[in-house]
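Kindly produce the complete structure, drawing on both the sequences and the hints.
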Amino acid sequence: MSHISPIIWQFLVKWMTNFALFPPEASKIAPQMDALYFFMVLISLIGLTIVILLITSFSILYSKKRHPVAVQIEGSTLLEATWTIIPLGLFLIMFVWGALLYFRIYTPPANAMNIYVVGKQWMWKAEHPGGQHEINALHVPTGRPIQLTIISQDVFHSFSIPAFRVKREAIPGRYTSVWFEATVPGTYHLFCTQYCGTDHSHMIGEVTVLTPEDYKKWLDGSTSGSSLAQNGERLFASLSCAACHNTRPDARGPSLANVYGARLTLSSGQQITADDAYLREAILNPSQHITQGYAPIMPTYQGQISEEGVIDLVEYIKNLDSDYRVQQTTASTTLLPEGEGKTTKAPVAPGASQGANQKAPQGMVKQ
Amino acid sequence: MNYLTKENGLLSWLLTGDHKRIAILYLISISFFFFVGGSLAGLIRLELLTPQSDLMATDTYNKVFSMHGIIMVFFFLVPSVPATIGNFFIPMMIGAKDLALPKINLLSWYLYIAAGILALYTMASGGVDTGWTFTTPLSTHYVNTHVLTTGMAVFIAGFSSIFTGLNFIVTIHKMRAPGMTWFRLPLFVWAHYAASILMVLGTPVLAIAIVLVALERTVGIGVFDPTKGGDPLLFQHLFWFYSHPAVYIMILPGMGVISEVISTFSRKRVFGYTAVAFSSVAIAVFGFFVWAHHMFIMGISNYAVLIFSLLTMLVAVPSAIKIFNWAFTLYKGSITFETPMLYAFGFMGLFTIGGMTGVFLGASGTDIHLTETYFIVAHFHFVMVGGMLMAFLAGLHFWWPKMTGRMYPEKISQLAAVVTFIGFNLTFFPQFILGTLGMPRRYASYPPEFQILNVFSTAGATVLGVGYLLPVLYLTWSLKYGEIAGNNPWQATGLEWQVQSPPLTENFPEIPIVDHEAYDYEWLENQKEKEVASVG
Amino acid sequence: MSDSTAIAHGKADASHHEHPPYQRHHFETYAQQNDATNFAMWLFLLTEIMFFGGLFTAYLIYRNWYYPAFVAASHQLDIFWGSLNTLLLITSSFTMAMGVWCAELRKKSGLVLCLTLTFILGLGFLGVKTVEYREKWEKHHIPGLHYSVSSFVDPASDPEVHDKYPKDQPLSLDMARHTELYFFLYFAMTGMHAVHMIIGIVILAFMIARAQAGAYTTGHVTFVENFGLYWHFVDIVWIFLFPLLYLISRH
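Residue numbers (our numbering), protein chains in the order written: chain A, 1 to 367; chain B, 1 to 536; chain C, 1 to 251.
Note that these hints are calculated values from the structure, not bench results.
Cβ atoms here follow ideal geometry from the backbone N, Cα and C, with glycine treated the same way.
Accuracy of the hints is not assured; some may be wrong.
To be verified - Calculated pairs, DSS-like style, for lysine-lysine (alpha carbon to alpha carbon, straight line, at most 27 Å): (1) Lys-164/C <-> Lys-139/C; (2) Lys-480/B <-> Lys-64/A; (3) Lys-167/C <-> Lys-139/C; (4) Lys-125/A <-> Lys-217/A; (5) Lys-129/C <-> Lys-139/C; (6) Lys-528/B <-> Lys-65/A; (7) Lys-136/C <-> Lys-167/C; (8) Lys-64/A <-> Lys-530/B; (9) Lys-480/B <-> Lys-530/B; (10) Lys-129/C <-> Lys-164/C; (11) Lys-65/A <-> Lys-411/B; (12) Lys-136/C <-> Lys-108/C; (13) Lys-216/A <-> Lys-28/A; (14) Lys-6/B <-> Lys-411/B; (15) Lys-528/B <-> Lys-332/B; (16) Lys-28/A <-> Lys-217/A; (17) Lys-64/A <-> Lys-125/A; (18) Lys-103/B <-> Lys-64/A; (19) Lys-528/B <-> Lys-64/A; (20) Lys-65/A <-> Lys-332/B; (21) Lys-6/B <-> Lys-103/B.
Stated by the list, open to error - Over the 10 Å line for every Cβ pair with chain A, so calculated as not near, a few chain C residues: (22) Tyr-22; (23) Thr-86; (24) Trp-101.
Unchecked claim - Far from chain A, by Cβ distances over 12 Å, these chain C residues were calculated: (25) Met-50; (26) Leu-84; (27) Glu-104; (28) Gly-124; (29) Glu-135; (30) Gln-169; (31) Leu-171; (32) Leu-173; (33) Met-175; (34) Val-195; (35) Ile-201; (36) Tyr-230; (37) Leu-245; (38) Ser-249.
Following this line, the structure appears as structure tokens:
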């Protein structure tokens, strides 16, 4: 809270950091978190002092030597009310303040740059949209809100950056997210904080905060050649998604251009927003995520793509604003790359790809 | 003639229905498991002296902290006060000759022993390394240690706990002596009543959670497997639905001890008796509705977080009420500082810190930074070791003369209490700072800048170990060489103090008729005057 | 505050030495003993409710998420056997209640007959369940390694069920996989229930022998009463399981 004298605040922060009683504040939310934390420390100290004072002073004043005869007192409703209402009031203040902080940390702003994080035993893989991959490391620029979309490939992990005061569980089977805006360039610890087996203590890394210029340099220097979306496009083609998801009049699936963030009505009548979680579920558990007006014939790709593959596809679909390239692919199948996914090598005429590439057993297309 | 000398021979102990003998059987067994768990703690602290994982392989370390947690929670903390002091004294405090179901009581001990043997066997044959929380899918698909046998041990121990709680509830409802109304009950009984409700209603949910883990692990049913449509978070909900009330099962009996000790050593009725009694029940009731505060960062909905955070704040209030009521019991009392009172003071300070840090965690925002770090480890050790274990030692010393007929040596026990207090603070306070700095829990190795605090912590653990070893030595010594205790060495008011030490097997020659309130020191004075008058 | 002594020789003394042989020494009166053991049994049943509660919670969640899979999977169960089992169990509760009544009236032969009937009906229930489980085994519907979804993605391959439910659509593969969750719950819930039935039947066998020896017709009916409570509880759990597992799509 910078309207408490900033000088005192900075002094406190620097002093405490150098004596390492709490981690450096390297994100915008960190001082806000620390403000609530110090408020709680203060209240706890006051509470503890009161209790210790009461015990000590009563022990001295009313020791047997000084006060040989005890006075039987039933109680005092006034005192009961006091020490019920005051703690309750303080706790409720902490509840409200904490809840505001919580919502703030877990509600990413719309303009946040998204970085995907996949946790697996026992390493973290970070994937920047431009295709840069990092293992046990994360490079971020200052001055921009960054959202992390996190998932686990196996067991529960937890992605923790103490200097940013953020932490989020990596759960197998669904995305979780957290956001921050880094403020101070430097390197900071990255930990896995959910016990995940043998090398849990080694699932650590470094978060490097760079100025925007340095970040751009780093991006240019570590690109792997194709962005996540480009990988996704390749997967989209190799898995023959375009066979159904195209703009032809007889298309069996909806076109995916601009679907990200759109409001969809499902075949059950339910209205949902097509976010990351929806896209992922629609690929892995399609039968419950069919858009209204389409037959429930999409096969599941569970077991056929890794979490990274799903991320690539999601990223591709997020950035898809036209079906031009999809049309190109379906029109000329010699563009389909070999070796990726489970496609046949023979050219497949549009519309007839279903028989060769359906993974589900026969008999599924009854209306 | 007393309950110890009435019959001799191993069988008379192993087939006893006498709640006092069963309590002694429990006391010996839980003490044994405490030292097993404590040795494992020693190993943990030794490993953490250095930043590298150099004392043992990481897999071994993972097993050590898992077994430490399992043994301490299920084989020490949960049964500690209820199965020893509760078993021994609840019938006496309410004026009954035994618990309602003596055979179930004995069965409860045998289940505990069976579970304990299974746990020891598991440890000897390689242990388990899932953490005491058995998180799926790690425990179902990703470890090949003895999850099933450990789960079975915990399952059986759970039934031991259920039967103890069931016995207490029936006894307190149906076997109070004439005149012993609910609001004349000692607060120790109220605390155990509340804890027993939690035992009876919460433990079965743990049982089913373990069964599901076992089925998932052996058969692969998919209940927690996202690739089959299952939800790994379902396990967490089921597990914490028990494990949160479990912490209140562990602390409430300790709070009951503190009420008795503070009252006796200030010669005063507990301040705000009704408030303290109702607070115990309130903690039990609210305790059932806060479990998801262990899951704030797990991707549960923000609105669920709001509700659970609010309820967590509410459950903190009754504990605060109790602390202040105990403090004000001292007001205008006549205070002495025997060992039980020293432990009680230690409890009050340390539990206040532990409880307040719980609020840090319950306010969802700060939980994001502090959860899964050493802050949590410090928090629960403050409430469980600084709180519960101190209360257990207070109770053990307080009722030792009644149970054994011997006084413990006062000076050395006071020293041990102080040593324990100092050792405890040195061990666990640095861990709050480590947690705030971000050091994760369950780590065998850590960044070098965390070392100095870890060294303090280990040094403290050594002191703490001495503090815990001393009572074993002098209490055992006192059995043979301790000063003979009279009926009521503390001049306390409970019904158990009005009969001989050690008590008769049937507790009372005649069932007492109760016509006085709890903690009625005037009534006690009158009793003494009558005795003097009848003799002289 | 009165200052009469806490320890008085009062009414407690009179009944002290003249209690029936089946009254334990730590109880003051037989009524107190009966009251206490009865209360204890109710509490124990409460713990059983909490135990099954975990499974019911899982059922609620997964049925909500995967309704089509649950409907299709429940059609694999035969309502005939389910209804028969319900009938057997309700009748056994009736015979058990009659048994308690006989014990109270000290009618030994009536009690033995009622307990034996309950026993037989219980065995019948378990027999039906064996038939059902076996059928599931043969069709590869037991969750685990050999689980097969072919009946759900291609109903025509399962004529036995398909003829009963001709309107059933084939499920897509990902929804079909969720039928395994239904069957896990089916086996876990009916399995837990069956375990409790087996325990009950074993105790019944013991009780029949004791009843024949006259142990329950002396006026001391607590054991029979409390066992009756347990048996009724097991029955009630089934009354919940039957519609939840067998009758999902019937409304």
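Does the no-contact call for Leu-173/C survive, Cβ to all of chain A over 12 Å? At roughly 5 Å from the nearest Cβ of chain A, Leu-173/C sits no farther out than 12 Å, so the non-interface label is violated.
Hint consistency between Lys-216/A and Lys-28/A [alpha-carbon to alpha-carbon, up to 27 Å]: Holds, because 21 Å separates the two Cα atoms, which is no more than 27 Å.
Just checking, Thr-86/C versus chain A, shortest CB gap more than 10 Å? Check passes; 32 Å lies beyond 10 Å.
Check whether the Cα positions of Lys-164/C and Lys-139/C lie no farther apart than 27 Å. Within the cut-off at roughly 17 Å; holds.
Beyond 10 Å on every Cβ pair: is that true for Tyr-22/C relative to chain A? Check passes; 45 Å lies beyond 10 Å.
Is the straight-line distance between the alpha-carbon of Lys-6/B and that of Lys-103/B 27 Å or less? 19 Å, holds
Assertion that Tyr-230/C lies farther than 12 Å from chain A (Cβ): 39 Å, holds
Given the proposed pairing of Lys-167/C with Lys-139/C, does the C-alpha separation stay at or below 27 Å? Satisfied, since the Cα-Cα distance of roughly 21 Å is no more than 27 Å.
Pairwise hint evaluation, Lys-64/A against Lys-480/B, where the allowed Cα distance is 27 Å at most: Outside the cut-off at roughly 31 Å; violated.
Beyond 12 Å from each Cβ of chain A, as asserted for Glu-104/C: At roughly 49 Å from the nearest Cβ of chain A, Glu-104/C sits farther out than 12 Å, so the non-interface label holds.
Determine whether the non-interface label on Gly-124/C survives the test: each CB of chain A must be over 12 Å from its CB. 40 Å, holds
Within a Cα-Cα threshold of 27 Å, do Lys-65/A and Lys-332/B meet the stated pairing? Holds, at roughly 12 Å.
Checked against the numbered hints given earlier, this structure breaks hints 2, 9, 12, 14, 17, 18, 30, 31, 32, 33; the rest are met.
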